[in-house]
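Peer 1: Listed here are the chains, written in short residue letters.
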Amino acid sequence: MKHVFYASAAALALSAGMAQADQHLKFAPGEGAFSWDSFEALKSMDLSGEEISILGPWLGPDKELIESVVHYFEEATGADVEYSGSDSFEQQIVIDAEAGSPPNIAIFPQPGLAADLASKGLLAPLPAETADWIRDNYAAGQSWVDLGTYAGADGAEALYGFFYKVDVKSLVWYVPENFEDAGYDVPQTMEELKALTDQIVADGETPWCIGLGSGGATGWPATDWVEDMMLRINTPEDYDAWTTNELPFDDPKVIAAIEEFGAFARNDDYVSGGAGAVATTDFRDSPQGLFASPPQCYMHRQASFIPTFFPEGTEVGVDADFFYFPAYAEKDLGKPVLGAGTVWAITNDSKGAQAFMEFLKSPIAHEVWMAQKGFLTPHTGVNTEVYTDPTVAKMNGILLNADTFRFDGSDLMPGAIGAGVFWTGMVDYAGGKDAAEVAASIQSTWESIK
Amino acid sequence: MEMAGTKSRLTWAVNLAVGFLVLLWIIPTFGLLVSSFRDRDAISTSGWWTALSASEQNVIVRADAPDNARPDGAVWVLTGNVFDSGSGNVTAFGITSREPEAFAPGEVATHARGHQITVEANGDYRITYPEEPSGNRGQRLFVRAESPPSFTLDNYREVMFAEGMGKALLNTLTVTIPATIIPILVAAFAAYALAWMEMPGRALLIAAIVGLLVVPLQVAFIPLLKLHNNIGIGKGYLGIWLAHTGFGLPLAVFLLRNYMAGLPGEIIESARVDGASDFAIFRKIILPLSFPALASFAIFQFLWVWNDLLVAKVFLGTGEDQVVMTGRIVDLLGSRGGDWEILAASAFVSIAVPIAVFFSLQRYLVRGLLAGSVKGG
Numbered sequence: 001m002k003h004v005f006y007a008s009a010a011a012l013a014l015s016a017g018m019a020q021a022d023q024h025l026k027f028a029p030g031e032g033a034f035s036w037d038s039f040e041a042l043k044s045m046d047l048s049g050e051e052i053s054i055l056g057p058w059l060g061p062d063k064e065l066i067e068s069v070v071h072y073f074e075e076a077t078g079a080d081v082e083y084s085g086s087d088s089f090e091q092q093i094v095i096d097a098e099a100g101s102p103p104n105i106a107i108f109p110q111p112g113l114a115a116d117l118a119s120k121g122l123l124a125p126l127p128a129e130t131a132d133w134i135r136d137n138y139a140a141g142q143s144w145v146d147l148g149t150y151a152g153a154d155g156a157e158a159l160y161g162f163f164y165k166v167d168v169k170s171l172v173w174y175v176p177e178n179f180e181d182a183g184y185d186v187p188q189t190m191e192e193l194k195a196l197t198d199q200i201v202a203d204g205e206t207p208w209c210i211g212l213g214s215g216g217a218t219g220w221p222a223t224d225w226v227e228d229m230m231l232r233i234n235t236p237e238d239y240d241a242w243t244t245n246e247l248p249f250d251d252p253k254v255i256a257a258i259e260e261f262g263a264f265a266r267n268d269d270y271v272s273g274g275a276g277a278v279a280t281t282d283f284r285d286s287p288q289g290l291f292a293s294p295p296q297c298y299m300h301r302q303a304s305f306i307p308t309f310f311p312e313g314t315e316v317g318v319d320a321d322f323f324y325f326p327a328y329a330e331k332d333l334g335k336p337v338l339g340a341g342t343v344w345a346i347t348n349d350s351k352g353a354q355a356f357m358e359f360l361k362s363p364i365a366h367e368v369w370m371a372q373k374g375f376l377t378p379h380t381g382v383n384t385e386v387y388t389d390p391t392v393a394k395m396n397g398i399l400l401n402a403d404t405f406r407f408d409g410s411d412l413m414p415g416a417i418g419a420g421v422f423w424t425g426m427v428d429y430a431g432g433k434d435a436a437e438v439a440a441s442i443q444s445t446w447e448s449i450k
Numbered sequence: 001m002e003m004a005g006t007k008s009r010l011t012w013a014v015n016l017a018v019g020f021l022v023l024l025w026i027i028p029t030f031g032l033l034v035s036s037f038r039d040r041d042a043i044s045t046s047g048w049w050t051a052l053s054a055s056e057q058n059v060i061v062r063a064d065a066p067d068n069a070r071p072d073g074a075v076w077v078l079t080g081n082v083f084d085s086g087s088g089n090v091t092a093f094g095i096t097s098r099e100p101e102a103f104a105p106g107e108v109a110t111h112a113r114g115h116q117i118t119v120e121a122n123g124d125y126r127i128t129y130p131e132e133p134s135g136n137r138g139q140r141l142f143v144r145a146e147s148p149p150s151f152t153l154d155n156y157r158e159v160m161f162a163e164g165m166g167k168a169l170l171n172t173l174t175v176t177i178p179a180t181i182i183p184i185l186v187a188a189f190a191a192y193a194l195a196w197m198e199m200p201g202r203a204l205l206i207a208a209i210v211g212l213l214v215v216p217l218q219v220a221f222i223p224l225l226k227l228h229n230n231i232g233i234g235k236g237y238l239g240i241w242l243a244h245t246g247f248g249l250p251l252a253v254f255l256l257r258n259y260m261a262g263l264p265g266e267i268i269e270s271a272r273v274d275g276a277s278d279f280a281i282f283r284k285i286i287l288p289l290s291f292p293a294l295a296s297f298a299i300f301q302f303l304w305v306w307n308d309l310l311v312a313k314v315f316l317g318t319g320e321d322q323v324v325m326t327g328r329i330v331d332l333l334g335s336r337g338g339d340w341e342i343l344a345a346s347a348f349v350s351i352a353v354p355i356a357v358f359f360s361l362q363r364y365l366v367r368g369l370l371a372g373s374v375k376g377g
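Here the protein sequences come in this chain order: A and B.
Its first residue numbered 1, the first sequence is counted upward by one per residue in full-length UniProt numbering.
Its first residue numbered 1, the second sequence is counted upward by one per residue in full-length UniProt numbering.
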C-alpha cells in the first residue's frame, strides 16, 4: 500500500516538483550538494513488501537521525524498515540472537561483541566483494576491513561487520573566549599542552575537568585517556599488541601510559575539584565546569559526542570549540588519532538485509546524516560540502588526516577486560592506587580468562 | 509510677526514632520531586536544596550582536537587558572570565578592544563602540545576580506529551492487567490444593515451589524465549503474559498457600461433612476468606509488572504497538542517559497509576502481609 502511494505520489510529483517527497525526506532529492545519483541508483532494487528490522543503541534525537537516513532507503526501494533502539543493546542482542528471534540487522557499538556473536555462528557474513569495496572507498580501508573481520563458528575468518558512523576521541574541548581572555594559545604539541597546563595553574586557575562517573560503566573515560597516551608514547604496533594481550597489561610501556594519564588526573592542582573528585564526577556533568563563571576549568578531553551535554544553547565552534589532543613533538610517532565507531552486521539474513547493507555503501546514506549533526565517516566518496556544521567538518578533517588511526582499545579487548576490570582498575588508579599494581591485577584477570 | 514514667519516655524515643526514619526516607523522594521541576542545566550545576530559596549566582550572558548597534552621535550604541524575564538584581559584573565581578553596577568597564560597557543594577546594559562594530556574536557579560527560585513544568510536559506516550500507557495496561489476573487465578487454585487436599508428595511440591523463589528470572530469558519462538508464540503479548505469570507464580502460590493453610480447619471439615465438593469449598469459603491475601499479592504483582522494563524488552516486540511506558521513558533519556530532569519527572508520572491501585487496595495489604503469621488474623 505504502509503495503504491509513493509510486503515485512520484507520478504526481513530475509536475509539482518534489514537494511531495519533502514530507517524508529531510532533504528534497535533486537539491543541494548531495550525491543524488547514488540515491537514484538505489531505485533499481525493488523491495516492496520486504520488512527489515534493525536494532541499535541509538535513542532519542539519535534515533530521529538514523530514521531520517532510513527514510531514503524506504523511499527508493519500497521496503519497510523498522529501527528500534535500546539502552541495553549489548544484552538484548545476545538474548535475541541466542533465542532465535534476532532483528535483521544489528548495530554494534563495540566490535568485540560482534566478534563474539560471529564466533557462535549468529552473524551472516557479508558478500566477498564488500571487503574490496571498503579497501577502495574508506580512508585507511584495510584497518576497517580488519576491524570487521571475525572468525565464524567454523573458525574460518570472514568479513561480518561494516563500519558506518565513526567518532573521533582525541579531542580537547575548550571555550575560545576564555582562552582569549586569559591570553592562552591552542597547544600544538604535547609539550605545549603540558606547559599550558602549568601556566594555568601558575595563574591561579584550574586547567582540567575530568569526570569518570558513568553509572555501571564508571571508569571508561579514563580508558580513553590511557589509550590516547599509549598512542603518544608507544608505537601503533605496541598498541595493537596491547589490545590482544601480546603485550601484557603490566608491561612497563603500558604502565608508563597509565602514569601519563595520572600526571593529569592525579594532580590536585590540575583537576577541577581536586584529584579526589575525578572518579566521582559524572562524565556528563564534567564539561559544565568549562562554562561556569568564573571558569572551573579550561580544558576537557572527550570524544566528539560530548556537545550533547553542554549547557543549552551552546554553539559549538563559537561558545565552545575543540583542538586535537596533541602528540609529543620529540617522539617520532606522527599524529595518532583514537576513534570508535558502530559496526553493522546481519543477524538475520534476508534479501532486504543484504540490500540495506548495500545501501550503507552509497554516499547518500552518509550525506543525509552528515548534513544534520555529529556524523563522521571514513567514506572518501562523499561530498563533504554537505556538512552544514563547520566543526564536524573539522573533526572529519582530523580523521582523514590522521597518520595513525586506532580503534578504541577497550572495545577491542574481551568484555571482561575492556568493559570490566580496565574500567574498575582505572577508578582504583584515579583513587590513588599504584599504576603497576593496577596493571598487574588487570593482567592476572586477563590470564584467567584466556 | 516509675514504670509508667519509663514507658512514656520510651514512647517518646520510639516516636522520635520513627519520625527520624520517615524523614530520612522522604528526603530523597522530595529531592526527586524538586528536581523534576528544574531544568537540566540547573540540575547539573547545583543541588536541589539550593533551588528552594533565592540565590546569588554568577551567570554568563551574551549581549546583542554588534551588527545591531545603532549610531548615536559619534559612537555606536548597543542596549539591552541581561535578564530573560526583564527583572532581577545585578550586584556585580565583569567583562572577562578572569574577573567576573570586577565592577559594581553602574560603573564603566573598558574592553581591551576599545568599547565601553556598563551594566545597571536592574540588568540594563549599554555598550558604546567608538567605531561601527561588526560581528554576529555579542560580547560576553559576566553578571553576579540574585535570582529567585525558578521552576518549570517543561519536564512534565515533555514526558506526558511525548510522541507515543499515550499508546505506551495503553500497552502497559495491556501487559499489566492480564499479567496480574492470570497468576492470581492459577495460584489460588494451586494454593487451595496444596493447603487442603491430601495427596502424596505434597510437602515436596511445596518445598519445590519455595525453592523456585530463589531462581533469578534472568537465567530463564534465553530458554524461555527460545521456547516461545519454537512453539510459534514468538514475541508478543501472549508471550509476556505467560512469562510474567511464570515469574510471579512461586511467590503467589507460596503466599496464598500459607494464608489458606492458616484458615480454621473446622469450617472446611464441616463443609465436607455437609457434602460440599472441593470446588464448592474453594469458591464459597476459601476464596472470600482469602481476599486480603489475594489483594496484597495483586498489589505486588501489579507494581512489579508496571515498573518492569527488562521482561518487556525481552518478550515484547519493538514496534509502536508493543512498546511499554518504561521503554518509552528510556527512549526519552537519550543514547547516553544523563537527562536526570526527564527521569525525575517520568518517575512521578509513571507512579500515578500504581499509587491509585495501592490506595484502593492498601487496607487489605496489612492484613494480607500478616497472611499465615497470626492465627485467626
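Hints listed in this document are in silico derivations from the structure and should not be mistaken for laboratory results.
C-beta atoms are modelled at their ideal positions from N, C-alpha and C, and glycine is treated no differently.
Heads up, a few of these hints could be off.
[As the list claims (entries may be wrong)] Quick list of the computed label-pair ranges, beta carbon to beta carbon:
id, chain 1, residue 1, chain 2, residue 2, range
1, A, Lys335, B, Asp154, 56 to 66 Å
2, B, Leu21, A, Thr388, 49 to 59 Å
3, B, Glu101, A, Thr388, 46 to 56 Å
4, B, Phe151, A, Ala182, 44 to 54 Å
5, B, Arg157, A, Asp185, 36 to 46 Å
6, A, Asp80, B, Asp154, 46 to 56 Å
7, A, Ala182, B, Ala54, 30 to 40 Å
[What the hints assert, rightly or not] A few chain A positions that, by computed beta-carbon distances, are all more than 12 Å from chain B:
id, residue
8, Pro29
9, Glu40
10, Gly56
11, Lys63
12, Gly78
13, Trp133
14, Asn178
15, Glu205
16, Glu237
17, Asp240
18, Lys351
19, Met357
20, Lys361
21, Asp389
Peer 1: Next step is simple, just say for each hint if it's right about the structure.
Peer 2: Here is what the structure says about each hint:
One distance hint, 56 to 66 Å for the beta-carbon pair A/Lys335 and B/Asp154, is violated here, with the actual separation near 44 Å. Between B/Leu21 and A/Thr388 the beta carbons are some 56 Å apart, a value that agrees with the proposed interval 49 to 59 Å. Judged by the Cβ atoms, the range 46 to 56 Å given for B/Glu101 and A/Thr388 is violated: they are separated by roughly 38 Å. Our hint of 44 to 54 Å for B/Phe151 and A/Ala182 is violated, since their Cβ atoms are close to 36 Å apart.
One distance hint, 36 to 46 Å for the beta-carbon pair B/Arg157 and A/Asp185, holds here, with the actual separation near 45 Å. Separated by about 35 Å at the C-beta atoms, A/Asp80 and B/Asp154 break the suggested range of 46 to 56 Å. Distance hint check: the CB atoms of A/Ala182 and B/Ala54 are about 31 Å apart, consistent with the given range 30 to 40 Å. For A/Pro29, the non-interface assignment is confirmed: its Cβ lies about 26 Å from the closest Cβ of chain B, beyond the 12 Å cut-off.
Distance check for A/Glu40 against chain B: the nearest CB is about 31 Å away, which clears 12 Å, and the non-interface claim stands. The non-interface label for A/Gly56 is inconsistent with chain B: the shortest C-beta to C-beta separation is roughly 9 Å, within 12 Å. Against chain B, the non-interface label of A/Lys63 is violated: not every CB pair exceeds 12 Å, the least being about 7 Å. Every Cβ of chain B is farther than 12 Å from the Cβ of A/Gly78; the closest lies at roughly 19 Å, confirming the non-interface assignment.
Distance check on A/Trp133: its Cβ is at least 28 Å (rounded) from any Cβ of chain B, clearing the 12 Å threshold; non-interface status holds. Interface exclusion of A/Asn178 from chain B breaks down, the closest Cβ pair being 5 Å apart, not more than 12 Å. Under the 12 Å C-beta cut-off, the non-interface status given to A/Glu205 relative to chain B is violated; the minimum distance is some 8 Å. At the 12 Å boundary, the C-beta of A/Glu237 stays outside the reach of chain B, the nearest C-beta of that chain being 33 Å off.
Under the 12 Å C-beta cut-off, the non-interface status given to A/Asp240 relative to chain B holds; the minimum distance is some 28 Å. For A/Lys351, the condition that its CB be more than 12 Å from all CB atoms of chain B holds, with the nearest at approximately 21 Å. Look at A/Met357: its CB is around 20 Å from the nearest CB on chain B, clear of 12 Å, so calling it non-interface holds up. Residue-level check passed: A/Lys361 sits 24 Å from the nearest beta carbon of chain B, beyond 12 Å.
In this structure A/Asp389 is separated from chain B by more than 12 Å, as the shortest Cβ-Cβ distance comes to about 16 Å.
When each numbered hint is compared with the structure, violations occur for hints 1, 3, 4, 6, 10, 11, 14, 15.
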